[in-house]
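Engineer: Using the sequences and the hints given, assemble the complete structure.
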Amino acid sequence: MNSTNVSGENRITRKKHKTRIKLLTVATELIARKGFETLTADDIADGADVGRRTFYNYFEGKVDCIIEAVRVRYEAYARAHTEQLSQVLIGSDVDSADVVARMANAMFNSIATDPITEKLTAYPHILNNAITESQRDFLTANIASGVIRGRFQPVASPEIAEPITSWGFIGLVIASIHRQSQVPDGMEWARFVLTMLGLSHHEIDALNIFQEL
1 MNSTNVSGEN RITRKKHKTR IKLLTVATEL IARKGFETLT ADDIADGADV
51 GRRTFYNYFE GKVDCIIEAV RVRYEAYARA HTEQLSQVLI GSDVDSADVV
101 ARMANAMFNS IATDPITEKL TAYPHILNNA ITESQRDFLT ANIASGVIRG
151 RFQPVASPEI AEPITSWGFI GLVIASIHRQ SQVPDGMEWA RFVLTMLGLS
201 HHEIDALNIF QEL
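Mapped onto UniProt numbering, the consecutive letters of the sequence shown carry residue numbers 1 to 213.
No lab work stands behind these hints, which were simulated from the structure alone.
Just so you know, not all the hints are guaranteed correct.
With a Cα cut of at most 20 Å, we get these calculated DMTMM-like pairs of lysine to aspartate or glutamate [what the hints assert, rightly or not]: (1) K62 to E83; (2) K119 to E29; (3) K34 to E83; (4) K119 to D43; (5) K16 to E83; (6) K119 to E68; (7) K22 to E75; (8) K34 to E68; (9) K22 to E83; (10) K16 to D49; (11) K34 to D114; (12) K18 to D42; (13) K16 to D64; (14) K119 to D137; (15) K22 to D42; (16) K18 to E83; (17) K119 to D95; (18) K18 to E37; (19) K34 to E118; (20) K119 to E75; (21) K15 to E37; (22) K62 to D43; (23) K119 to E37; (24) K62 to E162.
Source: prediction; values computed, not measured.
Structural biologist: And the structure:
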């Protein structure tokens, strides 16, 4: 393959990526403005200035597009919090439990206070798909480190724990939005995650994040 062909393929790839990002950005903006129920795939395509056929080259339908748009949004939170924690918690003596607690609390607060989340509280399956996909890699890495160090002794297998925590997270997020108790509920969520990882109430209370309250 000559350099001209490679250059052409790269341009096509960049154009496809740009179109996909534009569709996701428009989808997010329209959810915030119109909500989920009245939003259509045609609305998203029109907002991104692409044809209906082009939209379906990227997504199966409205739900697929919205899940991806929200996933990308939530993943950005996860990346930002991971970066922030890496600058604050430095060294081999960092407590894995404190890292997980801070990450769990930060992610809960970001998601539960996000106006897009509020627009989707009647559609927990969409939130669950987006949240699970956006957080799995970040949480798995932190939890695995704690398990290897012997800090965590999970009370259930991953096959059991994952649906419990993912749907529990969604339920608490929705309840928190309705009663506007996101900040205190974020700390309670962190406690729940640590309990699932085998820490006692005494061990949890002794962590820096809870001592700072």
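Engineer: Does the alpha-carbon distance linking K119 and D95 stay inside the 20 Å limit?
Structural biologist: Given pair K119, D95 is violated - Cα atoms ~36 Å apart, limit 20 Å.
Engineer: Is K34 within 20 Å of E68, Cα to Cα?
Structural biologist: 18 Å, holds
Engineer: Take a quick look at whether K62 and D43 sit within 20 Å of each other, Cα to Cα.
Structural biologist: 10 Å, holds
Engineer: Measure nothing beyond the straight line between the CA atoms of K18 and E37; if it is 20 Å or shorter, mark the hint as holding.
Structural biologist: 27 Å, violated
Engineer: Is the hinted pair K119 and D43 satisfied, with a Cα-Cα distance of at most 20 Å?
Structural biologist: Distance ~17 Å between K119 and D43 Cα, so the pair holds.
Engineer: Does K34 pair with E118 here, judged by a C-alpha cut-off of 20 Å?
Structural biologist: Status holds; Cα separation ~12 Å.
Engineer: Are the Cα positions of K34 and D114 separated by 20 Å at most?
Structural biologist: Distance ~15 Å between K34 and D114 Cα, so the pair holds.
Engineer: Quick one, are K18 and D42 close enough, alpha carbons at most 20 Å?
Structural biologist: Within the cut-off at roughly 19 Å; holds.
Engineer: Please work out if K22 and D42 have their alpha carbons no farther apart than 20 Å.
Structural biologist: 14 Å, holds
Engineer: CA of K16 to CA of D64, is that 20 Å or under?
Structural biologist: 17 Å, holds
Engineer: Hint check: K18 vs E83, CA-CA at most 20 Å. Holds or violated?
Structural biologist: 25 Å, violated
Engineer: Would you check the hint for K22 and E75, treating anything up to 20 Å between C-alpha atoms as holding?
Structural biologist: 17 Å, holds
The structure shown violates the earlier hints numbered 1, 3, 5, 9, 14, 16, 17, 18, 21, 24.
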